[in-house]
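Chemist: Same order as they appear, the protein sequences are chains A and B. Note that the first sequence ends on residue 210 in the working numbering; no numbers are left out. Note that the second sequence ends on residue 300 in the working numbering; no numbers are left out.
Derived from the structure by calculation, the hints contain no laboratory data. Any given hint could be a false lead.
[Unchecked claim] Restraint-style ranges between C-beta atoms, simulated for each label pair:
(1) B:Leu-79 to A:Arg-199: 21 to 31 Å
(2) A:Ala-179 to B:Met-112: 15 to 25 Å
(3) B:Arg-48 to A:Leu-155: 43 to 53 Å
(4) B:Met-112 to A:Pro-173: 26 to 36 Å
(5) A:Trp-196 to B:Glu-207: 27 to 37 Å
(6) B:Leu-251 to A:Ala-165: 24 to 34 Å
(7) B:Ile-266 to A:Leu-169: 45 to 55 Å
(8) B:Ile-254 to A:Leu-175: 26 to 36 Å
(9) B:Phe-276 to A:Met-152: 41 to 51 Å
(10) B:Phe-62 to A:Leu-169: 26 to 36 Å
(11) A:Arg-199 to B:Gly-126: 38 to 48 Å
Every value quoted in this text rests on a predicted model; they were computed, and no experiment measured them. The beta-carbon is built from N, C-alpha and C at its ideal position, and this holds for glycine as well.
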Amino acid sequence: MVLLTGLAGIAATAIWVLDLIPSLYYEALLVVDFPLFVLSTGIWWMARERDADIPFLGY
Amino acid sequence: MIHYLIFATFFGLLLLGIHRKVIARIQRRPGPPIWQEILHMFKFSFKSTWIPNTASETLFVAVVLIAIGIWTAAFFIVLAGGSLLIIFGIYMLHKIVEHGFGLSSGSPYGKFGGVRSVISAASEIPLFVSVAAITLFTKSLSISDIIAYQEVSGPLIFVLPLVAVAMYMVVISKMPFGPFSIVESKELVSGYKTEHFGVWRAGLEICNGLKTYVLLMTFILVFIGAVPFWLMLILMILIVVTLSFICALCPMLSPFDSVTVQTLITAVMIVYVALLWWLL
Numbered sequence: 152m153v154l155l156t157g158l159a160g161i162a163a164t165a166i167w168v169l170d171l172i173p174s175l176y177y178e179a180l181l182v183v184d185f186p187l188f189v190l191s192t193g194i195w196w197m198a199r200e201r202d203a204d205i206p207f208l209g210y
Numbered sequence: 021m022i023h024y025l026i027f028a029t030f031f032g033l034l035l036l037g038i039h040r041k042v043i044a045r046i047q048r049r050p051g052p053p054i055w056q057e058i059l060h061m062f063k064f065s066f067k068s069t070w071i072p073n074t075a076s077e078t079l080f081v082a083v084v085l086i087a088i089g090i091w092t093a094a095f096f097i098v099l100a101g102g103s104l105l106i107i108f109g110i111y112m113l114h115k116i117v118e119h120g121f122g123l124s125s126g127s128p129y130g131k132f133g134g135v136r137s138v139i140s141a142a143s144e145i146p147l148f149v150s151v152a153a154i155t156l157f158t159k160s161l162s163i164s165d166i167i168a169y170q171e172v173s174g175p176l177i178f179v180l181p182l183v184a185v186a187m188y189m190v191v192i193s194k195m196p197f198g199p200f201s202i203v204e205s206k207e208l209v210s211g212y213k214t215e216h217f218g219v220w221r222a223g224l225e226i227c228n229g230l231k232t233y234v235l236l237m238t239f240i241l242v243f244i245g246a247v248p249f250w251l252m253l254i255l256m257i258l259i260v261v262t263l264s265f266i267c268a269l270c271p272m273l274s275p276f277d278s279v280t281v282q283t284l285i286t287a288v289m290i291v292y293v294a295l296l297w298w299l300l
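Excised from the complex, chain B in its bound form (with noise of 0.2 Å):
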C-alpha cells in the first residue's frame, strides 16, 4: 500500500513535468527535462528553511501537513472504490488550505494567492452538476458501483459525454498554467506559496503530484471504468497531453472571466442534467 502511495506521488510529479515539457514544445522553448518537478521536489527538500516573523507558525507548518494528508486520504478513498462525494468534498478542502496556505504567511501576495483560491472554488460548482448527472445514471455515488454500472452499459463518456467535458474542464481548473490558474497568476508571484520555500515547499510539491495523479485516476475510473494498470497510466499521459495543449494556447482568464465562464457551464450543465432527468 505504502510502494503505491510513493509510486502515485512521483508519477503525479512526472505527470506534471510532462505538462511542462509539452506546454514548452508548442510555445517552441526547450522546455525542462519531464522529470523535472521531482527534482524540484528533492531541491527544495534541501534548502535552508524557516518560518517568516510575519507568519502564523502553526498554521503556516500544519497547513503542508494537511495537504499532504487530505490527499493520502483522497488516494486510498479512490483505491477502496469509497464515495464521490467525499472525494469532491476533499476538492473544496484543498480550496480552504489553499487560502490557510496564503493566509499564514502574512504576506500580501499570500494573502491575494488564498483570496483568488476561495475564488475560485467556481470551478468546483460544474463538479457537482456531475455529479448529480452521473447518480441519474448509476443510482449510487460509489466509485465501485459506477465501475460496476459501466462494466453492464459501457463507459460513462459515452453515455454522458457532457458530462465527462464538464468534469475535464475541473481537470483543467486544477492543472498549472492553465486558463482557470487565478491562484498562481505571476502579478502575485507564486500566489498562496509565495511564502512557502525549502522543506514546506517540497511538501506542497509532494500534496501536488499526489492530487494530480488521485484527480486523473478519479476521472479514468468514473467515465471508463476499470482497466489494467499500464493502461490507467497510458491514459493518464494522454489526457495530460490534451490538457497541456489547451493550457499552451489558451491565455490565463482574469479572475472575473474565470468565475464567469465556469458560471456558464455550471448553467449549461443544469440544463443538460434537468433534460436528462426529463428523459428518464
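Isolated chain A (complex conformation) (with noise of 0.2 Å):
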C-alpha cells in the first residue's frame, strides 16, 4: 500500500509537471492520496508485538 500510494503521487506529479494533466486533477488526486500515504507509511513503519515501541529512547 506504502508502494501503490507512493507511486501514485510520484507518478501524478511527473504527469503534472509535464502538462499533461490539469492542476485540478492533480490536486483531487493529493487529496485521496496523501491521507492514505500517511496512514499506510505509518501502519508499515509502526513497532510489531514483540519490538519496542519507543524509538527515541535516550531523548
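Since each chain comes alone in its own frame, lean on the hints to assemble the complex.
Modeler: This is how it looks when you write it as C-alpha cells:
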C-alpha cells in the first residue's frame, strides 16, 4: 500500500509537471492519495508486538 | 505542489510547537522544544497500533483519512484562491469529523468529546457573519477577488477591524489550550481523540498541522492580502504568539460559558454588519 500510494503520488506529480493533466485533477488525486500514503506509511513503520515501541530512547 | 503540502504540514506543526512553548514561558515553565509536535507525529507513527474492541472499525480508520483529506483539499482551495464559503464549509465539516472521531471509538470520553465538538460549532457562527460583512465590500466570496480588492482599497483589517477581531476569535477557538478548547478539556482525558493512539494519532497530528497552516494563511490572505512568502511565515508566527498569550492568560471556559460568549460575539457582529449594510 505504501508503495502503491507513493508511486501514485510520484506518477501524478510527474504527469502534472509535464503538463499532461490539469492542476485540478492533480490536486484531487493528492486529496485522496496523501491521507492514504500517510496512514499506510505509519502502519508499515509501526512497531510490532515484539518490538520496543519507543524509538527515541534517551531523548 | 506536493512539496508545499508537506512543508505546510511541518510548518503547521512547528507553529503548534511555538504555541506550546510561548504558553509555557508565560506560565514560567521551561516548556517543550518548539519542534515537539513534529517529534510527536513521528513518535506516534512508530508506536504499536490496533483498533479497540469497542470501536466501529470502518469509521475509526476512515475518519482519520477524511480528516487529512479535507484539510488537504482546503489547502489547495486557498492556494487556488477559491471560494471562502468552501473553506468555511470545511471548518464545519471538521466538527463532524471530530464528532466521528469520538463516536467511532466506543469510549465514553471520546463520545463526550464528540458531543462537545458539536456544541463548539457555535464558534463557527461569527465566521458566517464575518463572511457577510466581507461580501458587502468585496462583492465576492472568492479569495482571489478579496486579494484583488485589497490591492486597490488596502487591507481589510483596516476597513473592517471588528470583522477581523471576530475572525480572530474563530482562530482562537481552533487553537489548543485556549478558552474555547472545550473538546480537549482534561475531565474528558483527551476528548474525542482519547482512543485514537499510535498511527491514528500521527494522522490526526498531520491534520492539525495542516489545519493550523490553512487557518492562518486564510486569515492573512483575507485581512492583509497577498504578501511575500517569507512575510506570510513571519506573520503566521506573530499571530500564533498573540494567540498563545490569550490562551496562556485565559482559563478554559465551561461548555455553557463558551457557547454564551460566542453567541454574544455573533450578536455584536450581526448589529455591526446591519449598520454597515445600512450605511452603505
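Chemist: Decide, hint by hint, whether the structure agrees.
Modeler: Hints, one by one, checked against the model:
1. Taking the beta carbon of each, B:Leu-79 and A:Arg-199 are about 25 Å apart, inside 21 to 31 Å as hinted.
2. Remark: the range hint 15 to 25 Å for A:Ala-179 to B:Met-112 is upheld by a beta-carbon distance near 21 Å.
3. For the pair B:Arg-48 and A:Leu-155, the supplied restraint of 43 to 53 Å holds, since their beta-carbon distance comes to about 50 Å.
4. At about 28 Å, the CB distance of B:Met-112 to A:Pro-173 agrees with the hint of 26 to 36 Å.
5. For A:Trp-196 and B:Glu-207, the Cβ-Cβ distance of about 34 Å falls inside the hinted range of 27 to 37 Å, so the restraint holds.
6. Between B:Leu-251 and A:Ala-165 the CB atoms are about 32 Å apart, so this pair conforms to the stated range of 24 to 34 Å.
7. Between B:Ile-266 and A:Leu-169, the C-beta spacing of about 47 Å keeps the proposed range 45 to 55 Å intact.
8. Restraint check, B:Ile-254 to A:Leu-175: a C-beta distance of roughly 31 Å satisfies the suggested window 26 to 36 Å.
9. Between B:Phe-276 and A:Met-152 the beta carbons are some 45 Å apart, a value that agrees with the proposed interval 41 to 51 Å.
10. Between B:Phe-62 and A:Leu-169 the C-beta distance comes to about 33 Å, which sits within the given range of 26 to 36 Å.
11. The supplied range of 38 to 48 Å is broken by A:Arg-199 and B:Gly-126, whose beta-carbon atoms lie about 25 Å from each other.
When held up to the earlier numbered hints, the structure conflicts with hint 11 and nothing else.
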